[in-house]
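S.K.: Going down the list, the sequences are from chains G and H.
With this note's numbering, the residue at position 141 of the first sequence is 141, and numbering never jumps.
With this note's numbering, the residue at position 227 of the second sequence is 1227, and numbering never jumps.
These are computed hints drawn from the structure, not numbers from a lab.
Some hints could be false.
To give an idea of the chain G side of the interface with chain H (calculated C-beta under 7 angstroms), a few residues [stated by the list, open to error]: (1) ARG23; (2) GLU44; (3) THR52; (4) SER59; (5) ARG61; (6) ASP135; (7) GLY136; (8) LEU138.
Fair warning: this is a prediction, and the values are worked out from it, not measured in the lab.
Just so it is clear, CB atoms sit at the ideal spot from N, CA and C, and this is done for glycine as well.
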Amino acid sequence: MTDKQRVCVTVNGRRYERWVEPRLTLVDFLRHELHLGGTHVGCEHGICGLCTVLIDGRSGRSCLTLAVQVDGAEVTTIESLRDPSTGALHPIQQAFVDAHGLQCGFCTPGFIMTTVELLRENPDPSDEEIKRALDGNLCRCTGYQSILASVRLAARRLREGREA
Amino acid sequence: MIPAAFEYLRPRSLEEAVACLLQREPGTAAILAGGMSLIPAMKLRLARPATLVDIVRLRGLAGIVRSAEHLRIGALTTHAALGGAPELARYPVFAETAGVVADPQIRHRGTLGGSLAYAHPAADWPAVFLALQGEAQLFGPQGRRSVPAEDFFTGIFETTIGAGEILTEIRFPSVRERSGAAYSRMCLQASGMALVGVAAQIMLDAEGRIDHASIGVTGVNAVPFRARSLEMRLRGVLPAAAALRDLCATGIPEAEPLSDPHAAADYRLQMLRIHAERALGRAFERARAAVPGLGYSAPVTRDGEPVVRP
Chain G
1 MTDKQRVCVT
11 VNGRRYERWV
21 EPRLTLVDFL
31 RHELHLGGTH
41 VGCEHGICGL
51 CTVLIDGRSG
61 RSCLTLAVQV
71 DGAEVTTIES
81 LRDPSTGALH
91 PIQQAFVDAH
101 GLQCGFCTPG
111 FIMTTVELLR
121 ENPDPSDEEI
131 KRALDGNLCR
141 CTGYQSILAS
151 VRLAARRLRE
161 GREA
Chain H
1001 MIPAAFEYLR
1011 PRSLEEAVAC
1021 LLQREPGTAA
1031 ILAGGMSLIP
1041 AMKLRLARPA
1051 TLVDIVRLRG
1061 LAGIVRSAEH
1071 LRIGALTTHA
1081 ALGGAPELAR
1091 YPVFAETAGV
1101 VADPQIRHRG
1111 TLGGSLAYAH
1121 PAADWPAVFL
1131 ALQGEAQLFG
1141 PQGRRSVPAE
1151 DFFTGIFETT
1161 IGAGEILTEI
1171 RFPSVRERSG
1181 AAYSRMCLQA
1191 SGMALVGVAA
1201 QIMLDAEGRI
1211 DHASIGVTGV
1221 NAVPFRARSL
1231 EMRLRGVLPA
1241 AAALRDLCAT
1251 GIPEAEPLSD
1261 PHAAADYRLQ
1271 MLRIHAERAL
1281 GRAFERARAA
1291 VPGLGYSAPV
1301 TRDGEPVVRP
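Take these sequences, add in the hints, and give me the full structure.
M.R.: The structure is reproduced here in structure tokens:
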């Protein structure tokens, strides 16, 4: 057996310290060690995008990242989006609800985290830019048109919210 | 899918990393960079290193440096960084290639050096590495050495990197006037890998004829290769579209195409001709347009085609 390694990581603004096996992936670390089940596990080999989280602000695959690799890093997951005081959904989450960007919802946390990154860097993306940004996320039930519409709606609401 | 257990080391210097590798049984320790290829292989237990040496935090191994003679890219530079680097404005082939590697999440963590050292037979960067006549800078127990692109790949997932050696930097000759390079590929939609990928670099003489061409091919043979005979035939040619098409149609004898469930060998050969023609065509356009100080970095789709906006 191999020795456990210490991992100090900030997740959604809270600092955690755990001793883990080096082979533990970040997504299993989030789900099993920190009990943050919002990040889903899909293909487990870096194709489907379900497990997308932000690592130091950039979208990454938590199924292909070891927990030991994020030692010292800042990780942001879907759980960070809801307003902590009112419990209201984040505008991107609400847009996915309103524009029917999900059916079963299994892929949704990945799509939304990728959208968080996209709209932070590009508040008014073209359809082509949205498609390119979401290239690494798969949905097997809704189809992509309503997801595209959700991102467009979220972008519009966020822009309007900023102006208001 | 859970990898077999392994020992995890995070050395603080390149020297320490080399020592870590040398202290283990030969072939049992692997270098971990972005991990975007190695970790899935370990999850499938296609790779079972007993030790992972994580070098991703070592200083000085990421970044782009331009000098009069060379373009130097640190091995740990990510695909995403290569896609948006202002230093590479005169090397649009990097943004073009970085933009088609896998998907955004992979590009944020995966590295150029990792891709070359992993030597997947359908990876994109080996074609560019060959066409731009790069050199791999290795650091090891005997110090530093430099390996030309053509000697770097030795087999499927095999390179010339020796025991205890680490790829630290990839070096390219600086861009010359009247030169241009491009990458064109056919993409396997499910995996994002290249079914066929061709990178081409063209240098024109004062009359606009091809003075020198170099062509790197990935996804076709077990090992990426230079299409030397086509390069020779291109010499002195005025590269009009018809001329390029005719020359590519005469074939690429170095190709010994793989046949697999994705594509039969003759289909790969057909796609190779088409993508050679496209890469050469775009390289020529860029060579013609290349005026020092003027960048070109139009966005491209996953297949390397220019993005057309309505």
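S.K.: Would the hint on G:ARG61 be counted as holding, given a Cβ-Cβ threshold of 7 angstroms to chain H?
M.R.: 5 angstroms, holds
S.K.: Should the hint that G:GLU44 touches chain H count as held when the rule is a Cβ pair under 7 angstroms?
M.R.: Hint on G:GLU44: holds, closest Cβ of chain H at ~5 angstroms, below 7 angstroms.
S.K.: Less than 7 angstroms between beta-carbons is the criterion; does G:GLY136 satisfy it with respect to chain H?
M.R.: Hint holds; G:GLY136 Cβ to chain H Cβ min 3 angstroms, cut 7 angstroms.
S.K.: With chain H as the partner, please determine if G:THR52 meets the hint condition of a C-beta pair closer than 7 angstroms.
M.R.: With Cβ-Cβ at 6 angstroms, under 7 angstroms, it holds.
S.K.: Is the hint on G:ASP135 kept, meaning its closest Cβ partner in chain H is under 7 angstroms away?
M.R.: 5 angstroms, holds
S.K.: Should the hint that G:LEU138 touches chain H count as held when the rule is a Cβ pair under 7 angstroms?
M.R.: 10 angstroms, violated
S.K.: So, as I understand it, the hint says G:ARG23 touches chain H; can you test that by seeing if any CB pair is closer than 7 angstroms?
M.R.: 5 angstroms, holds
S.K.: Does the nearest C-beta of chain H fall within a distance shorter than 7 angstroms of the C-beta of G:SER59?
M.R.: 5 angstroms, holds
Consistency with the previously given hints fails for number 8 only.
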